[in-house]
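Whole structure, please, built from the sequences with the hints as guidance.
Number of protein chains: 2
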Amino acid sequence: MEITRRTVLTGAAVLGAAAAIGAPNPANASTRSAAATGQAANPKAVERWGMHEIVLNGPDKGNPYVDVTVAAVYEGAGQTITVPGFYDGDGTFRVRFSPPQSGQWRWRTDSNLPALRQAGKVDVIEPASGNHGPVQVVPGGYHFVYADGSPYRQIGTTSYSWALQSDEKCELTLNTLSTSPFNKIRMLVFPNVPAEATDPFVRTGTGPRDWDPTRIDPAYFRRYESRIERLLALGIQADVVLFQPYDTARGYSDMTRTDDERYVKYVAARFGAYRNVWWSMANEYDGIKTKTVDDWDHLFQVLQAADPHNRLRSVHNKNIYYDARKPWITHASIQSAGAALDGLRAHFHRQFALKPVIFDEVAYEGNISERWGQLSGEQMTHRFWNTFVGGTYCGHGETLNPEQKPSISWLGQGGTLNGTSAPRLAFLKQIMEDGPAPGINALQPDWDYDIAGVDSQYYLRYFGESAPTQWEAILPSGSGLSYQVDIIDTWNMTITSAGVYNMAKVPRGAQDPARPTVALPGTQWIAVRFTRV
Amino acid sequence: MEITRRTVLTGAAVLGAAAAIGAPNPANASTRSAAATGQAANPKAVERWGMHEIVLNGPDKGNPYVDVTVAAVYEGAGQTITVPGFYDGDGTFRVRFSPPQSGQWRWRTDSNLPALRQAGKVDVIEPASGNHGPVQVVPGGYHFVYADGSPYRQIGTTSYSWALQSDEKCELTLNTLSTSPFNKIRMLVFPNVPAEATDPFVRTGTGPRDWDPTRIDPAYFRRYESRIERLLALGIQADVVLFQPYDTARGYSDMTRTDDERYVKYVAARFGAYRNVWWSMANEYDGIKTKTVDDWDHLFQVLQAADPHNRLRSVHNKNIYYDARKPWITHASIQSAGAALDGLRAHFHRQFALKPVIFDEVAYEGNISERWGQLSGEQMTHRFWNTFVGGTYCGHGETLNPEQKPSISWLGQGGTLNGTSAPRLAFLKQIMEDGPAPGINALQPDWDYDIAGVDSQYYLRYFGESAPTQWEAILPSGSGLSYQVDIIDTWNMTITSAGVYNMAKVPRGAQDPARPTVALPGTQWIAVRFTRV
Numbered sequence: 001m002e003i004t005r006r007t008v009l010t011g012a013a014v015l016g017a018a019a020a021i022g023a024p025n026p027a028n029a030s031t032r033s034a035a036a037t038g039q040a041a042n043p044k045a046v047e048r049w050g051m052h053e054i055v056l057n058g059p060d061k062g063n064p065y066v067d068v069t070v071a072a073v074y075e076g077a078g079q080t081i082t083v084p085g086f087y088d089g090d091g092t093f094r095v096r097f098s099p100p101q102s103g104q105w106r107w108r109t110d111s112n113l114p115a116l117r118q119a120g121k122v123d124v125i126e127p128a129s130g131n132h133g134p135v136q137v138v139p140g141g142y143h144f145v146y147a148d149g150s151p152y153r154q155i156g157t158t159s160y161s162w163a164l165q166s167d168e169k170c171e172l173t174l175n176t177l178s179t180s181p182f183n184k185i186r187m188l189v190f191p192n193v194p195a196e197a198t199d200p201f202v203r204t205g206t207g208p209r210d211w212d213p214t215r216i217d218p219a220y221f222r223r224y225e226s227r228i229e230r231l232l233a234l235g236i237q238a239d240v241v242l243f244q245p246y247d248t249a250r251g252y253s254d255m256t257r258t259d260d261e262r263y264v265k266y267v268a269a270r271f272g273a274y275r276n277v278w279w280s281m282a283n284e285y286d287g288i289k290t291k292t293v294d295d296w297d298h299l300f301q302v303l304q305a306a307d308p309h310n311r312l313r314s315v316h317n318k319n320i321y322y323d324a325r326k327p328w329i330t331h332a333s334i335q336s337a338g339a340a341l342d343g344l345r346a347h348f349h350r351q352f353a354l355k356p357v358i359f360d361e362v363a364y365e366g367n368i369s370e371r372w373g374q375l376s377g378e379q380m381t382h383r384f385w386n387t388f389v390g391g392t393y394c395g396h397g398e399t400l401n402p403e404q405k406p407s408i409s410w411l412g413q414g415g416t417l418n419g420t421s422a423p424r425l426a427f428l429k430q431i432m433e434d435g436p437a438p439g440i441n442a443l444q445p446d447w448d449y450d451i452a453g454v455d456s457q458y459y460l461r462y463f464g465e466s467a468p469t470q471w472e473a474i475l476p477s478g479s480g481l482s483y484q485v486d487i488i489d490t491w492n493m494t495i496t497s498a499g500v501y502n503m504a505k506v507p508r509g510a511q512d513p514a515r516p517t518v519a520l521p522g523t524q525w526i527a528v529r530f531t532r533v
Numbered sequence: 001m002e003i004t005r006r007t008v009l010t011g012a013a014v015l016g017a018a019a020a021i022g023a024p025n026p027a028n029a030s031t032r033s034a035a036a037t038g039q040a041a042n043p044k045a046v047e048r049w050g051m052h053e054i055v056l057n058g059p060d061k062g063n064p065y066v067d068v069t070v071a072a073v074y075e076g077a078g079q080t081i082t083v084p085g086f087y088d089g090d091g092t093f094r095v096r097f098s099p100p101q102s103g104q105w106r107w108r109t110d111s112n113l114p115a116l117r118q119a120g121k122v123d124v125i126e127p128a129s130g131n132h133g134p135v136q137v138v139p140g141g142y143h144f145v146y147a148d149g150s151p152y153r154q155i156g157t158t159s160y161s162w163a164l165q166s167d168e169k170c171e172l173t174l175n176t177l178s179t180s181p182f183n184k185i186r187m188l189v190f191p192n193v194p195a196e197a198t199d200p201f202v203r204t205g206t207g208p209r210d211w212d213p214t215r216i217d218p219a220y221f222r223r224y225e226s227r228i229e230r231l232l233a234l235g236i237q238a239d240v241v242l243f244q245p246y247d248t249a250r251g252y253s254d255m256t257r258t259d260d261e262r263y264v265k266y267v268a269a270r271f272g273a274y275r276n277v278w279w280s281m282a283n284e285y286d287g288i289k290t291k292t293v294d295d296w297d298h299l300f301q302v303l304q305a306a307d308p309h310n311r312l313r314s315v316h317n318k319n320i321y322y323d324a325r326k327p328w329i330t331h332a333s334i335q336s337a338g339a340a341l342d343g344l345r346a347h348f349h350r351q352f353a354l355k356p357v358i359f360d361e362v363a364y365e366g367n368i369s370e371r372w373g374q375l376s377g378e379q380m381t382h383r384f385w386n387t388f389v390g391g392t393y394c395g396h397g398e399t400l401n402p403e404q405k406p407s408i409s410w411l412g413q414g415g416t417l418n419g420t421s422a423p424r425l426a427f428l429k430q431i432m433e434d435g436p437a438p439g440i441n442a443l444q445p446d447w448d449y450d451i452a453g454v455d456s457q458y459y460l461r462y463f464g465e466s467a468p469t470q471w472e473a474i475l476p477s478g479s480g481l482s483y484q485v486d487i488i489d490t491w492n493m494t495i496t497s498a499g500v501y502n503m504a505k506v507p508r509g510a511q512d513p514a515r516p517t518v519a520l521p522g523t524q525w526i527a528v529r530f531t532r533v
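Here the protein sequences line up with chains A and B, keeping their order.
Using the UniProt record's numbering, the first residue of the first sequence is number 1, and each one after it goes up by one.
Using the UniProt record's numbering, the first residue of the second sequence is number 1, and each one after it goes up by one.
Keep in mind that a hint or two might mislead.
[What the hints assert, rightly or not] List time: in silico EDC-like cross-link candidates among lysine to aspartate or glutamate, alpha-carbon distance up to 16 angstroms:
{"id": "1", "chain 1": "B", "residue 1": "Lys326", "chain 2": "A", "residue 2": "Asp323"}
{"id": "2", "chain 1": "A", "residue 1": "Lys61", "chain 2": "A", "residue 2": "Asp90"}
{"id": "3", "chain 1": "A", "residue 1": "Lys405", "chain 2": "A", "residue 2": "Asp446"}
{"id": "4", "chain 1": "B", "residue 1": "Lys169", "chain 2": "B", "residue 2": "Glu196"}
{"id": "5", "chain 1": "A", "residue 1": "Lys355", "chain 2": "B", "residue 2": "Asp323"}
{"id": "6", "chain 1": "A", "residue 1": "Lys355", "chain 2": "A", "residue 2": "Asp323"}
{"id": "7", "chain 1": "B", "residue 1": "Lys326", "chain 2": "A", "residue 2": "Asp294"}
{"id": "8", "chain 1": "B", "residue 1": "Lys429", "chain 2": "B", "residue 2": "Asp489"}
{"id": "9", "chain 1": "A", "residue 1": "Lys326", "chain 2": "A", "residue 2": "Asp295"}
{"id": "10", "chain 1": "A", "residue 1": "Lys326", "chain 2": "B", "residue 2": "Asp294"}
{"id": "11", "chain 1": "B", "residue 1": "Lys326", "chain 2": "A", "residue 2": "Asp455"}
{"id": "12", "chain 1": "A", "residue 1": "Lys505", "chain 2": "A", "residue 2": "Asp446"}
{"id": "13", "chain 1": "A", "residue 1": "Lys265", "chain 2": "A", "residue 2": "Asp297"}
{"id": "14", "chain 1": "A", "residue 1": "Lys326", "chain 2": "B", "residue 2": "Asp323"}
{"id": "15", "chain 1": "B", "residue 1": "Lys326", "chain 2": "B", "residue 2": "Asp297"}
{"id": "16", "chain 1": "A", "residue 1": "Lys505", "chain 2": "A", "residue 2": "Glu465"}
{"id": "17", "chain 1": "B", "residue 1": "Lys318", "chain 2": "A", "residue 2": "Asp297"}
{"id": "18", "chain 1": "A", "residue 1": "Lys318", "chain 2": "A", "residue 2": "Glu284"}
{"id": "19", "chain 1": "B", "residue 1": "Lys318", "chain 2": "B", "residue 2": "Glu284"}
{"id": "20", "chain 1": "B", "residue 1": "Lys61", "chain 2": "B", "residue 2": "Asp217"}
{"id": "21", "chain 1": "B", "residue 1": "Lys355", "chain 2": "A", "residue 2": "Asp323"}
{"id": "22", "chain 1": "A", "residue 1": "Lys289", "chain 2": "A", "residue 2": "Asp247"}
{"id": "23", "chain 1": "B", "residue 1": "Lys326", "chain 2": "B", "residue 2": "Asp295"}
{"id": "24", "chain 1": "A", "residue 1": "Lys326", "chain 2": "B", "residue 2": "Asp297"}
{"id": "25", "chain 1": "B", "residue 1": "Lys61", "chain 2": "B", "residue 2": "Asp123"}
{"id": "26", "chain 1": "A", "residue 1": "Lys169", "chain 2": "A", "residue 2": "Glu196"}
{"id": "27", "chain 1": "B", "residue 1": "Lys326", "chain 2": "B", "residue 2": "Glu370"}
{"id": "28", "chain 1": "B", "residue 1": "Lys505", "chain 2": "B", "residue 2": "Glu472"}
{"id": "29", "chain 1": "B", "residue 1": "Lys405", "chain 2": "B", "residue 2": "Asp446"}
{"id": "30", "chain 1": "A", "residue 1": "Lys318", "chain 2": "B", "residue 2": "Asp446"}
[As the list claims (entries may be wrong)] One side only, chain B facing chain A, incomplete, derived with CB under 8 angstroms:
{"id": "31", "residue": "Arg325"}
{"id": "32", "residue": "Gly338"}
{"id": "33", "residue": "Asp342"}
{"id": "34", "residue": "Gln351"}
{"id": "35", "residue": "Arg508"}
Calculated from the structure, these hints are not laboratory results.
A virtual CB, placed ideally from N, CA and C, is assigned to each residue, including glycine.
Shown next, in the form of structure tokens:
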């Protein structure tokens, strides 16, 4: 899968480059050097929503992370887009651009280093099969869609420090993801559990706080982005978490505002051109005691200004919901275990955000002593179904291991999944994909239908923990229409036809006069689906 | 009950006034003329949180509503407060001030009419018994408290156009309120149903739109405020609704921005000094198609600037929640029937607002054909209990009458209450008053206790529609402590002692090892209360 084509320039000489990243290996940091030694004199075509990279070689002196500014202006398809670049070590600077439209684009770099001032052009071709573009929010709506219009049904997971583990461990994690239902993974830039990569900034001594926030280690970020590339090849969104409250020993999330700004701009320039990147400003932002809401607001504005690709932006809470209506937030990212216990509790979060809602943390499937990590597979799956019928989305995580330690679990380090929810989430994902695009909503949530769907087209009733033997099937609409009715066992992953129901008008709804009820198996975790025929 | 003392001045001559409004009669408009003819040469004392009124007589020419500016600067208790005045017709201007502190206050008026420039002083004495000051939000919290620290437990009702009915009908409504549990009533300034008072602005013809937004009828507002005074005497908060979407024939809520600003400033100056006034910017604000959210934001800022008394401010929605985190909002005023069906659904609205939440409309007890007006008494009461255990507040209304017409119901015009919920809401109010101040909260809402209260001190579990015969009483805290346990039948209004429970530590909570369960009657609408002894 072609991800990137690069244009490499050294000094004033255009070397050009079109190094395709075929199957990038997260085990090495060769990506940069491969690109830096690319041969093509003129850049070849780049896919729409792929990545064009300009490589600029300048002097390796002073502290380019702080001292050098570089950016490119791209012009094409009637648009002019300014794209900030970044320093990648050894005198190499890069500018990465993911073209939003096909056609020829001309570019010109500017810098406070004359050697980095260059110009060129690139042909942007139609995307190959499988490249649907970045995920976006349906305008004014509560669901997601790829840039090419394909629906995106979020089934997320979290593995905080997976990308910072050894190459072998990362291969194991990627292998697990490749057969999982998950199409988004929340992942920290700064580690929260033991990891192989621990030093985004240059060390100045042996103590935990002996590091220099004005000097980055490019290899740390190069390694992290190689994991983003691998996720892209798997069609998985990388929900990149910029700050977190758990590394109080190192204190990477406790930098000054100036250092934070430089870091945010760096990751925006470095990672933002990957079309599978989402930004999560922080995990449990309100657990970071060195920053105020004003600080977060400011950093969001810095990020927004530094990210010409306008990737999705949110922030994850501990106790205090961030105001998801703020203009720089594209969707709400909520931590709440209780909200996912009822579809309408989930739904009301949409009323607040007026944007899509993802319950990125609803506690985890596991066996640890902490209450947030001991859900059964049934409970984890139940929360996904509740958020689904609330017109929202959910996130998985697993803290299940023989030692009952969250740090070495999937949640902390990745590896393998050993729980029972993932296959059920794959089943749910198929139910979503078989349903209406871009998604479903709670229908008439102020009244007592407790039904999700899309009016006339599709209805879904989920019974959760209750185990009824029948249901008086009154839909909020649909009279005069016929529906294929299916009994879905969300845990045993079976779909059983109940035949076609012909709905007639009843007070405030529709019901089949011949079959006013639907027979149910009397077990838990059952849903009933009405699909218009 | 002494509400007001007035200082009356004509031209440059200080007549002074100290007309106490004893038992004001809403049947006449004599309040103003009584004050204007007050005799005291020097103003007597005014209670703290009472009202001092300066009456200024100037020329009755031109259009003073538009042309004349008048305001007083009050200085006392180390504070300087600028209080806008208003025109009351017949050449009379008034400035109304409710002093926040006792002691001597000096005042000086300024105006673009030289005749209205005066000065004086007033002694502010301690409040009489029953005067607790205005209701305020507990700082940083989710509950309300009077200015003197007394708890205020909101049990609201709505009667949109009661204040605009005949004097006889208003007496009937006030008589009903006097024996009801309600301590807040939502009431429109502009009528939404047939009323005796229909013309806040001067008529210019016989068509519905034949009125002049630049010319008010002071008598309309004088009549309305006489109802506010009567509510004050009953200890009831007047939730004054400034705009509403239902009078599309007259279109009072469809004025221009300039006319809206003048109207908002007028009611702020005229009504704001009554300590029982709350501002609701609109009913179903998003139903008013001639205004945008920007317009509402603007009008809130106009109101805030025009109201030195800083009365509580909110706005009521139809479908789209207004963002209650905006700084001019003091509490959320929510319309949602579905949110009041579950305590935690209600609770999450606090997470959104970070302020107190009142579900001012959750559908109404009644017998009309519209779905929003056909709750049973049980359903109305149930919604109050749900919002209570969610740490929030609720609003009542009644659409119950032989003709099944909302317009002539309590909701539309006031009168008598014929439903069955009000006595149960009085019972609930007593439960609230017997509980901790300023209020209770959902405890550990992310976990599965489903218990409200205040840690260690007080716990309340409400079973709603379910009818269990016993409950495994595990509290989220309280081990080592003893509690009086009561079984509360919220519908039959009985409290039955279950004796004292001695709680010991169990995993993640507290339970009485001798009595791990509480026996319940197996009927609906039961609550269990644990009060620390």
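Practice task
Below or equal to 16 angstroms on CA atoms is what counts here, so check A:Lys61 against A:Asp90.
Solution key: holds, 9 angstroms
Practice task
Would you mind confirming whether the straight-line C-alpha gap from A:Lys505 to A:Glu465 stays at or under 16 angstroms?
Solution key: violated, 30 angstroms
Handout entry: Satisfaction of hint between B:Asp294 and A:Lys326, Cα-Cα up to 16 angstroms
Key = Distance ~15 angstroms between A:Lys326 and B:Asp294 Cα, so the pair holds.
Problem - Straight-line alpha-carbon gap A:Lys355 to B:Asp323, limit 16 angstroms - result: Satisfied, since the Cα-Cα distance of roughly 13 angstroms is no more than 16 angstroms.
Exercise for the section: Could you grab the alpha-carbon distance between B:Lys318 and A:Asp297 and see if it respects the 16 angstroms cut-off? Expected result: violated, 29 angstroms
Exercise for the section: Double-check B:Arg325 for me: the hint is only fine if its C-beta lies closer than 8 angstroms to a C-beta in chain A. Expected result: Since chain A brings a Cβ to about 5 angstroms from B:Arg325, closer than 8 angstroms, the hint holds.
Exercise for the section: Take a quick look at whether B:Lys326 and B:Glu370 sit within 16 angstroms of each other, Cα to Cα. Expected result: violated, 33 angstroms
Practice task
Would you check the hint for B:Lys326 and B:Asp297, treating anything up to 16 angstroms between C-alpha atoms as holding?
Solution key: It holds: about 9 angstroms lies between the C-alpha atoms, which stays within 16 angstroms.
Handout entry: Agreement of B:Lys61 and B:Asp123 with the hint, judged by alpha carbon distance not exceeding 16 angstroms
Key = With Cα atoms ~34 angstroms apart, B:Lys61 and B:Asp123 exceed 16 angstroms; violated.
Problem - 16 angstroms limit on alpha-carbon distance, applied to hinted pair A:Lys169 and A:Glu196 - result: Holds, at about 10 angstroms.
Practice task
Would you check the hint for B:Lys405 and B:Asp446, treating anything up to 16 angstroms between C-alpha atoms as holding?
Solution key: Cα-Cα ~43 angstroms, so violated.
Exercise for the section: Sort out whether A:Asp295 lies within 16 angstroms of A:Lys326, counting only the CA atoms. Expected result: Distance ~14 angstroms between A:Lys326 and A:Asp295 Cα, so the pair holds.
Violation of the numbered hints given earlier is confined to hints 3, 11, 12, 16, 17, 25, 27, 29; the remaining hints are satisfied by the structure.
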